[in-house]
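Chains as they are written, first to last, in the numbering used here: chain A, 1 to 327; chain B, 328 to 577; chain C, 578 to 862.
Keep in mind the hints are simulated off the structure, nothing from the lab. Wrong hints could be hidden among the right ones.
Claimed, not checked - Some chain B residues near chain A, calculated using beta-carbon distances under 8 angstroms:
hint	residue
1	Arg-356
2	Asp-440
3	Val-445
4	Ser-452
5	Val-455
6	Asp-469
Unchecked claim - A few chain B residues that face chain A, going by a derived Cβ cut-off under 10 angstroms, partial list only:
hint	residue
7	Leu-424
8	Trp-441
9	Glu-500
None of these values were measured; they are calculated from a predicted model. C-beta: ideal position from N, C-alpha, C; glycine also.
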Amino acid sequence: MTRGQTIAAQGLARRARWRAPEIVFWVLAFAALLLPPGKHLLLNEVAILALFALSLDLILGYAGIISLGHAAFFGAGAYAAGLFCKLVTPDPLAGLVVGIAAGALLGLLTSFLVLRGSDLTRLMVTLGVALVLHEVANALPQWTGGADGLQGMVVGPLLGRFDFDLYGRTAYAYSLATLFVLFLLARCIVNSPFGLSLMAIRRNSLRASALGVPVNRRLVAVYTLAAAYAGAAGALLAQTTAYVSLEVLEFQRSADVLLALIIGGAGWLYGGLAGAIVFKILQDTLASNAPQFWMFWMGLFLVVLALVGRERLSGGMRGLLARVARR
Amino acid sequence: MNAALETHGLAKRFGGIVATNDVTFRLERGARQALIGPNGAGKTTFVNLLTGVLTPSTGRVVLAGEDITRLRPEARVRRGLVRTFQINQLFGDLTPLETIALAVDERLGLGRDWRRRVGAVDAVSAEVEQVAERFGLLDVLDRRTDTLPYGKQRLLEIAAAFACAPQVLLLDEPAAGVPEAERRDILDAIAALPADVSVLLIEHDMDLVFSFARRISVLVDGGLLVEGEPEAIAADSRVRAVYLGERIDG
Amino acid sequence: MATILFDGVAYGMLLFVLACGLAVTLGLMNFVNLAHGAFAMAGGYATVLLMDRAGWPFLACLPAAFIVAAAIGLVLERTLYRHMYGRSPLDQVLFSIGLVFMAVALTDYLLGSSQRNIMLPDWLQGRREILGVNVGIYRSFLIVLCGALAIGLQAGLMRTRFGSRLRAAVDDARVARGLGIPVATVFAATFAVGSGLAGLGGALGVELLGLDPYFPLKFMIYFLIVVTVGGTSGVMGPFVASLLLGIADVAGKYYLSSALGGFVIYVVLIVVLALRPNGLFARAR
Numbered sequence: 001m002t003r004g005q006t007i008a009a010q011g012l013a014r015r016a017r018w019r020a021p022e023i024v025f026w027v028l029a030f031a032a033l034l035l036p037p038g039k040h041l042l043l044n045e046v047a048i049l050a051l052f053a054l055s056l057d058l059i060l061g062y063a064g065i066i067s068l069g070h071a072a073f074f075g076a077g078a079y080a081a082g083l084f085c086k087l088v089t090p091d092p093l094a095g096l097v098v099g100i101a102a103g104a105l106l107g108l109l110t111s112f113l114v115l116r117g118s119d120l121t122r123l124m125v126t127l128g129v130a131l132v133l134h135e136v137a138n139a140l141p142q143w144t145g146g147a148d149g150l151q152g153m154v155v156g157p158l159l160g161r162f163d164f165d166l167y168g169r170t171a172y173a174y175s176l177a178t179l180f181v182l183f184l185l186a187r188c189i190v191n192s193p194f195g196l197s198l199m200a201i202r203r204n205s206l207r208a209s210a211l212g213v214p215v216n217r218r219l220v221a222v223y224t225l226a227a228a229y230a231g232a233a234g235a236l237l238a239q240t241t242a243y244v245s246l247e248v249l250e251f252q253r254s255a256d257v258l259l260a261l262i263i264g265g266a267g268w269l270y271g272g273l274a275g276a277i278v279f280k281i282l283q284d285t286l287a288s289n290a291p292q293f294w295m296f297w298m299g300l301f302l303v304v305l306a307l308v309g310r311e312r313l314s315g316g317m318r319g320l321l322a323r324v325a326r327r
Numbered sequence: 328m329n330a331a332l333e334t335h336g337l338a339k340r341f342g343g344i345v346a347t348n349d350v351t352f353r354l355e356r357g358a359r360q361a362l363i364g365p366n367g368a369g370k371t372t373f374v375n376l377l378t379g380v381l382t383p384s385t386g387r388v389v390l391a392g393e394d395i396t397r398l399r400p401e402a403r404v405r406r407g408l409v410r411t412f413q414i415n416q417l418f419g420d421l422t423p424l425e426t427i428a429l430a431v432d433e434r435l436g437l438g439r440d441w442r443r444r445v446g447a448v449d450a451v452s453a454e455v456e457q458v459a460e461r462f463g464l465l466d467v468l469d470r471r472t473d474t475l476p477y478g479k480q481r482l483l484e485i486a487a488a489f490a491c492a493p494q495v496l497l498l499d500e501p502a503a504g505v506p507e508a509e510r511r512d513i514l515d516a517i518a519a520l521p522a523d524v525s526v527l528l529i530e531h532d533m534d535l536v537f538s539f540a541r542r543i544s545v546l547v548d549g550g551l552l553v554e555g556e557p558e559a560i561a562a563d564s565r566v567r568a569v570y571l572g573e574r575i576d577g
Numbered sequence: 578m579a580t581i582l583f584d585g586v587a588y589g590m591l592l593f594v595l596a597c598g599l600a601v602t603l604g605l606m607n608f609v610n611l612a613h614g615a616f617a618m619a620g621g622y623a624t625v626l627l628m629d630r631a632g633w634p635f636l637a638c639l640p641a642a643f644i645v646a647a648a649i650g651l652v653l654e655r656t657l658y659r660h661m662y663g664r665s666p667l668d669q670v671l672f673s674i675g676l677v678f679m680a681v682a683l684t685d686y687l688l689g690s691s692q693r694n695i696m697l698p699d700w701l702q703g704r705r706e707i708l709g710v711n712v713g714i715y716r717s718f719l720i721v722l723c724g725a726l727a728i729g730l731q732a733g734l735m736r737t738r739f740g741s742r743l744r745a746a747v748d749d750a751r752v753a754r755g756l757g758i759p760v761a762t763v764f765a766a767t768f769a770v771g772s773g774l775a776g777l778g779g780a781l782g783v784e785l786l787g788l789d790p791y792f793p794l795k796f797m798i799y800f801l802i803v804v805t806v807g808g809t810s811g812v813m814g815p816f817v818a819s820l821l822l823g824i825a826d827v828a829g830k831y832y833l834s835s836a837l838g839g840f841v842i843y844v845v846l847i848v849v850l851a852l853r854p855n856g857l858f859a860r861a862r
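Construct the entire structure; sequences and hints are all you get.
Encoded structure:
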């Protein structure tokens with residue numbers, strides 16, 4: 001420790017330290033690349049949903065903005081990446097950047113709508129934005145393919161070398177790497193003064209502004225950031241499946257990501273990741289029988305969860321991890 | 328020389344109700360002033376007008392010669408007009424360390440920094456520690472705020488405001504609800520505030536008011552009834568009538 | 578032009594009956610109930626099944642739809658909803674989305690996923706010329722029936738003892754309890770009536786809106802728009818909002834392409850909320 005290291009500095013440094021379970025988590029995630037072919041398509045979906053849930057966590061868990069229309073940014077990223085691939089260049093990384101930019105731009109434009117009003121107003125506005133986009137995409141079949149979806153994407157090899165194969169190993173590697181990089185960035189951000197000010201805003205925005213936090217500017221910034229993340233997730237889905245349908249903008253997608261985040265617990269970065277894993281595994285097992293079953297169980301889960309209380313579930317999960325970490 | 332804080336003809340109407348009525352008020356530099364008034368006198372509205380939570384219907388708020396009537400709350404804080412809250416408005420699951428660091432970061436303009444972690448700047452953590460020490464919070468820095476004894480929470484309330492480097496500090500009932508045993512710490516902390524910080528104490532507790540204030544303003548029905556030195560206020564028949572009247576009602 | 582206006586009004590009136598229960602639970606009781614459409618669906622399916630399988634006449638099905646939906650609403654309120662009052666909006670959202678999903682899945686499983694229709698009685702079919710405007714008879718029927726309901730509701734809320742009790746209970750449940758008002762009973766009754774009206778709306782709407790298991794999701798946004806745009810000042814705000822929404826939707830789909838027309842109402846919603854976050858007819862606070 002250098003000179004001038006105070007109690008405060010040490011205490012603050014502790015917040016951002018890497019813990020063993022985190023490292024294990026990422027090692028396992030990357031080790032899954034070595035699995036025999038067969039599960040990588042599912043893992044790719046998990047990684048994309050995890051990124052999407054991470055994005056929602058940034059605004060819901062950290063800044064306290066409720067959204068029922070987060071699919072708007074996912075869809076914007078997906079269509080942007082898809083069209084870019086068809087019209088400009090098949091290079092996936094360039095398309096990813098375009099998807100991120102599309103999400104961010106839409107996020108910035110609509111962020112001003114979520115600044116004012118109650119939670120209910122925010123629910124309605126976010127829902128409304130997603131529905132508008134859905135209608136627009138539906139009404140412009142010459143661009144989006146309408147109800148048939150955007151077809152005929154031929155995605156080029158990753159880094160000019162790795163083709164996207166049928167088994168999804170390249171796809172998973174690509175999505176996981178993107179998730180990892182964006183996760184590192186998110187981790188850096190939530191541990192920064194910027195991230196701390198978001199946490200303060202979520203808890204009590206009046207008090208935060210009384211300590212000098214420019215609440216609206218921070219909310220615009222994080223909403224744009226989260227939209228960029230969602231755009232990235234959408235771009236990944238478009239590129240790894242070489243297809244974009246109206247489904248990317250549907251209410252169901254906004255509800256799914258909310259559910260995934262709630263399963264894992266909002267307000268800590270691994271909530272979205274853990275939730276995405278559980279959600280996709282459950283969906284894969286239950287929905288393979290009949291879609292109605294899946295929907296029924298998901299609904300039942302939500303009802304029970306809400307009645308019992310989210311805090312107990314996510315608190316339990318976090319407590320479990322904390323106990324493991326202390327060992 | 329400019330006053331630390333002034334208002335000119337400040338008024339706020341909600342529909343037909345006049346909550347603040349043409350208040351022209353002056354807080355000198357380095358003042359130790361108290362704002363008192365019976366319940367419903369409009370103290371909270373007045374504070375909200377000063378800090379920018381509410382916009383006045385007419386009138387101006389002037390901080391050190393600068394008109395701040397149209398500024399947002401956080402911009403006023405950056406210019407040195409800081410308040411504490413009467414009922415607990417702290418961030419329950421953050422630690423005092425984080426709360427104070429937040430205020431220091433924002434003051435230094437580091438609040439938008441997303442690259443470095445909190446506390447990576449030595450100047451920040453050093454100042455956080457100084458503030459914590461000043462308010463006797465060193466031993467609880469790492470605990471969740473909502474698990475602290477109430478007296479410590481009230482101290483943190485003042486410490487966080489202090490970390491914003493106030494020119495003018497509005498203390499809204501700083502000792503309300505604090506058990507007798509912890510009360511002394513808060514009074515000491517207030518007494519030890521630097522002389523160049525102008526303090527306006529909004530308070531019910533007359534013992535605290537008369538032990539602290541060198542000047543007292545009395546707010547009744549949204550308007551300033553009288554201002555003056557404590558002895559004069561204590562002797563003022565109108566003030567006595569207002570407070571006696573309140574006692575009979577209450 | 579006049580015909581479009583007429584159709585829009587009829588559509589808006591129907592939306593009002595569907596959504597007015599939500600105006601009370603969401604607008605007055607502050608409960609974000611995304612599952613409101615499920616009660617409408619229950620009323621719709623009750624009508625379809627009674628007409629198809631039991632051969633009931635359409636008019637007899639309407640009160641039945643009300644009763645079925647109200648009964649479901651009452652049971653759910655007593656067993657589940659009452660635990661969720663006063664919880665955070667996010668919890669209420671999760672809870673009610675969960676209910677929607679279960680309702681959709683169960684309906685799909687039990688009754689199949691296909692679109693259901695009903696045969697209206699002859700005297701409600703067809704169109705007629707009234708004052709130079711070509712109007713549908715069923716739509717006229719809707720306007721008369723729903724208009725009467727709206728007036729009755731407004732009067733009921735403002736003039737009756739129950740209405741004043743409800744408003745007291747909503748304003749401050751603790752004080753109301755202190756005054757001897759049975760708050761829980763008032764809430765339960767209100768919820769049941771609101772659900773029943775949704776059920777009635779669902780029955781009336783089968784002809785215009787169609788009916789399938791995804792009905793609660795498809796029309797959720799319409800109900801929410803009515804309430805959020807209409808504000809929380811009573812039933813008149815939502816009533817006006819319903820009419821505006823109905824007219825905007827019908828006109829939008831007529832004058833623009835049917836695809837683009839769909840988005841007119843959402844844009845209206847966003848603009849209204851951006852300008853007046855508490856709704857067009859918000860109570861001054």
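Taking the hints in turn, this is what the structure says about them:
1. Arg-356: Arg-356(B) check fails; min Cβ-Cβ to chain A is 21 angstroms, beyond 8 angstroms.
2. Asp-440: It holds, given that the least Cβ distance between Asp-440(B) and chain A is near 5 angstroms, below 8 angstroms.
3. Val-445: Where the cut-off is 8 angstroms and the nearest Cβ of chain A is about 5 angstroms from Val-445(B), the hint holds.
4. Ser-452: Status holds, d = 4 angstroms.
5. Val-455: Constraint on Val-455(B) satisfied, holds at 4 angstroms.
6. Asp-469: holds, 5 angstroms
7. Leu-424: holds, 5 angstroms
8. Trp-441: At 4 angstroms from the nearest chain A Cβ, Trp-441(B) passes the 10 angstroms test, so the hint holds.
9. Glu-500: Constraint on Glu-500(B) not satisfied, violated at 15 angstroms.
Violated hints, in rising order: 1, 9; the structure is consistent with all others.
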